[in-house]
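**Q** Chain residues, written in single-letter form:
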Amino acid sequence: MNAPLLKRLWQTFARSRVGRSIFRVGLPESNLERSQAMTSSFLLHIQPAKVHKHSLKAGYSLGLGLISLYLFFILIGTGVLLMFYYVPSTDRAYNEMKDLQFVVSAGLLIRNMHRWAAHLMVLFVMLHLCRVFYTGAYKHPREFNWVMGVGLFLLTLGLSFTGYLLPWDQLAFWAITVGTNIAGYAPIIGPKVKYLLLGGNVVGQEALTRFYALHVIVLPTLALIMVAVHLWRVRKDGGLSRPDESGDVIEQIPLGQLPTNKSYGLMELARGTTPQVGKNPEDEVFSWPHLVFREILLFLLVAAVVLFLAIFWNAPLEEYANPIYPPNPAKAPWYFLGLQELVSYSAFWGGVVIPGLLVTALVLLPYLDRARAGVGRWFARERVVANSIFTICLLAAIVFTIIGTYFRGPSWSWVEPWQQPPAITEGR
Amino acid sequence: MNNSMRTFYGWFTFLGLVIGGLVILGYYRDEYREWKQYQHRFIQEEIRRATTPQQKALAETTRVEVRQILLPELNRVDRCTTCHLAVEDPSYGGYPQPLAYHPLHEQHPFEKFGCTICHRGQGRAATGADAHGSVPHWDQPMLPMKYIQASCGQCHEAADNPAAPELARGQQVFETSGCRGCHKLGGVGGNIGSELDKVGARRSPEWLKQHFLTPSAVTPNSAMPPQKFSDADLDAIVLFMLSQTGESAPGYYASMKVIPSASQGQRLFLQKGCIGCHSIAGQGGKVGPALDDVGLRRAPEWMMQHFRDPQSVTPGTVMPKFGFTETEARALTEFLLHLRERNVVSSLPSLMNPVERGHEVYRKYGCAGCHGLDAKGGVPNPNAKTAEQVPGLIYVADGYTKSELNTRILKGQREIPALDPKRAPPPLYMPAWGAVIKDAELDDLVAYLVSLKPKGEDVGF
Amino acid sequence: MNPSTPNDPNDISRRGFFKLTLGWLAGTFAIIASAAGAVRFLVPNVLFEPSQIFKAGKPEDLADGSVTFLEDERVFLVRQGNTYRCLSAICTHLGCTVNRTEKGYHCPCHGSVFDDQGNVKSGPAPRGLAWFQVTLSKDNRLLVDKSRMVAADKYLVLPTKV
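As given, the protein sequences belong to chains A, B and C, one line each in that order. The first sequence begins at 1 in my numbering and counts up by one. The second sequence begins at 1 in my numbering and counts up by one. The third sequence begins at 1 in my numbering and counts up by one.
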């Protein structure tokens, strides 16, 4: 076997009637075919035929958005498989978890993959949000995509939170009890939202059914649509943000002075701002192979990491849910522990005002911070004020989460994780 | 250009190999299951023992697979037989586990009862450690064999079960130590302690033991005084507590649960009002024949038929058809057959006496828990005006009329006068029994209390 | 060495090609193995339906010459003298449950008629009713294995009780 033979074989197939009907273009050999490879493929056409070199720099985007997307794909795949066994019934859900572990081939592995991918997705969506902030990428013309991103972040939390209940063990039951009670602190609508979410006043069969429906169909469908729009907007807003792009954007074009470097400008079709894609062709490369191959590698990396975690660490499963015996302390999922810590100081301030303000601030951010400088660079000097404020909030969130996770023992008292936990008196 | 491609191919190959390796590792770890080795060992053993070619062929074609007993009525799936493959085969008696034979299959066919209903543990699990249940996050570990008789008590009444003497002993310790004075069991008992109906499913043997010796060690601020049981009594009452799992036997199991025994028959004999027409040892009605020597006169089959339909064996008899269940009929037969040898004849008259019955009531509701055995004096009740203990009741007839006693028992006394108002109020108090005790029982109890006063002294009313 | 044009991104050296082939093989293996794993995941290892192998009580509980229908298992237990057999109650046509008649069995769905040996007399059924293997379990119960079919004349013969 040698290289030309295999390649010739592939080319023969790709150029045959059948091959062309499927792939349209075989392995591209000319620049024309490289563009066609992108535009003629359903899976690839959401991306442009050419990308800016800056967008390919791993050190800039860190691939965080893509990693989140891949984790989402892995979650859909493993999630659909799990649905073949799972029954959203308080009598059976826990037993199904046990069966996955003990008698279903690869059952534990797939459940582990789902669990770890879910935690990783929450983490990477957060990291992605931080990256976009620190590079100023939410600024004009990407304001709305930032808002979509904040929506996706909340959806991710919702997906993870609703999935948390499904095993119906002590961990699930009490985390959701605590989590929904935090939601109940919101004024006026809080108790109503909680009532609606649980389908009653306590976490029971109704809550499980509702969380299941939200987890497997409502939220994933919403997320899928929003991810598609989010990605599409990335392209429509001019690709990834980059430092020199402010020069590309021609703003507020007065009538009669239309730019001549755009064909629609010549036709006097353009109104308002015009984000330009690829003003300088020499800065751009073909998406095939430069972007696509990188994406494949990143996917392989993500899959390998998730598989590795799933093989060596098992997803937690505690005792069957028992409303009589809460664990002490009962803790929400880790990403809400900062919130739970705040609520322990003041239910109103910690549970309502601070998270409410934070989400509002995130949504309004691109419309409030309109300075143009410093886009496309990490920690730009021009953005020192914004970055400082964000960093302080971020550090506070991390610190509170760490306190809530590691420094809170029975009755939410202060414990130091490196010390032995106090003996539990009310044992079996 | 070429260079970046080369880097790409390098990474692609590397990651492809890593994922391929991980997939193989995942497969391997998933395929290796502890139970498979036991099944292979069992099949080898079966092949070795085969005497005919047919047996050998059967053994060789035994499938290696998870085996399970489905018990939908008991809400259980027991996979124990995945490793314990020879539980039904007496020829494996004395084999080392997991291939040992299990007796009792005749009485409790495993395909109907499974394993965990008696042994506990985790039925769905398919590894030794998980199935035996001493793993984190499983609160029903296997019951130590020392306490295994507790499981009989989930379905069978302790007193009826000759196979579970420890359980009967535990029940006796429970009933005579006055536990019911504070604790409710089956709806009968006081309100000071917690209900015990599901305590056996909730607590481990170690916890229970500790609880009896020093209650405050496992339940801070417990008002329960430490109990001074002998070691054997302690084990027995722990065992009895473990039998209280709140597990109810549904359908098929409920129909099997009464072991027809003479003592069960005796209870039925009194409950169903047989004594209204028949007499034993001169006690009872004269409509029907006396039954003292019926065991000598009649065969068991005759009695069974008699209970099913009296007309069929004694045409023209006035005895109605009571519609006894088959087990009830057998229990009654058992009772009548052994009237003489078991000496029940002499114990019957005592049940006709209000004072004796009252003593029973005194024991049943656990009055002894606070007021002492035979009402001779109470347990400590710090800071109570009555000499810092719960008062004895021997002389109660001097201070109370019958109706006052009735009221005190029915309404209880929540506030106990304190010796020193500055100290904590006395922890023990008299619960209200109004909702629990039956009228007839109350009359008997009061009769018993009044009778306690030593003979020759004046009754105060 | 292959003569390679410097700027052709698709051209690779022989060693590079070997590495790439290895990579593709590993990648393809991973994809196929994952897909196979997913399929294996969906194949149930335990069933929550009535077992294919089940105990049908003590032999002496069946009357001589009787045919007993077991509802959950959908089989007939047939005792003649000291021989025991087990006949499937599932019609070989389209899986309905057959009824016992005086002369044999009758399927209510499409009218297949079987004689008392399970052979087709009339109707659309393509084959006779199946006979299942009956053995004696270690605790002396009839043990039926519905996954093992036997010929109609294969009996479990037990010594008659004295």
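Just so you know, these hints were derived from the structure itself, not from any lab. Just so it is clear, CB atoms sit at the ideal spot from N, CA and C, and this is done for glycine as well. There may be inaccurate statements among the hints.
Computed beta-carbon distance windows for the label pairs [said to hold, decoys possible]:
id: 1; chain 1: B; residue 1: Pro165; chain 2: A; residue 2: Ala347; range: 27 to 37 Å
id: 2; chain 1: C; residue 1: Arg148; chain 2: B; residue 2: Lys112; range: 50 to 60 Å
id: 3; chain 1: A; residue 1: Tyr325; chain 2: B; residue 2: Met145; range: 43 to 53 Å
id: 4; chain 1: A; residue 1: Ala213; chain 2: B; residue 2: Lys112; range: 36 to 46 Å
id: 5; chain 1: C; residue 1: Lys121; chain 2: B; residue 2: Tyr252; range: 30 to 40 Å
id: 6; chain 1: A; residue 1: Ser16; chain 2: C; residue 2: Lys121; range: 29 to 39 Å
id: 7; chain 1: A; residue 1: Val18; chain 2: B; residue 2: Val135; range: 34 to 44 Å
id: 8; chain 1: C; residue 1: Gly123; chain 2: A; residue 2: His45; range: 51 to 61 Å
id: 9; chain 1: B; residue 1: Met145; chain 2: C; residue 2: Leu158; range: 32 to 42 Å
id: 10; chain 1: B; residue 1: Ala217; chain 2: A; residue 2: Glu416; range: 44 to 54 Å
id: 11; chain 1: A; residue 1: Gly199; chain 2: B; residue 2: Lys385; range: 35 to 45 Å
id: 12; chain 1: C; residue 1: Gly65; chain 2: B; residue 2: Lys36; range: 15 to 25 Å
id: 13; chain 1: B; residue 1: Leu104; chain 2: A; residue 2: Asp91; range: 42 to 52 Å
Just so you have them, the derived chain A footprint on chain B, three or more residues with Cβ under 8 Å [said to hold, decoys possible]:
id: 14; region: 178-189
id: 15; region: 281-291
**Q** Any hints from earlier that this structure breaks? Give me their numbers in increasing order, please.
**A** 1, 2, 3, 6, 7, 10, 11, 12, 13, 14, 15
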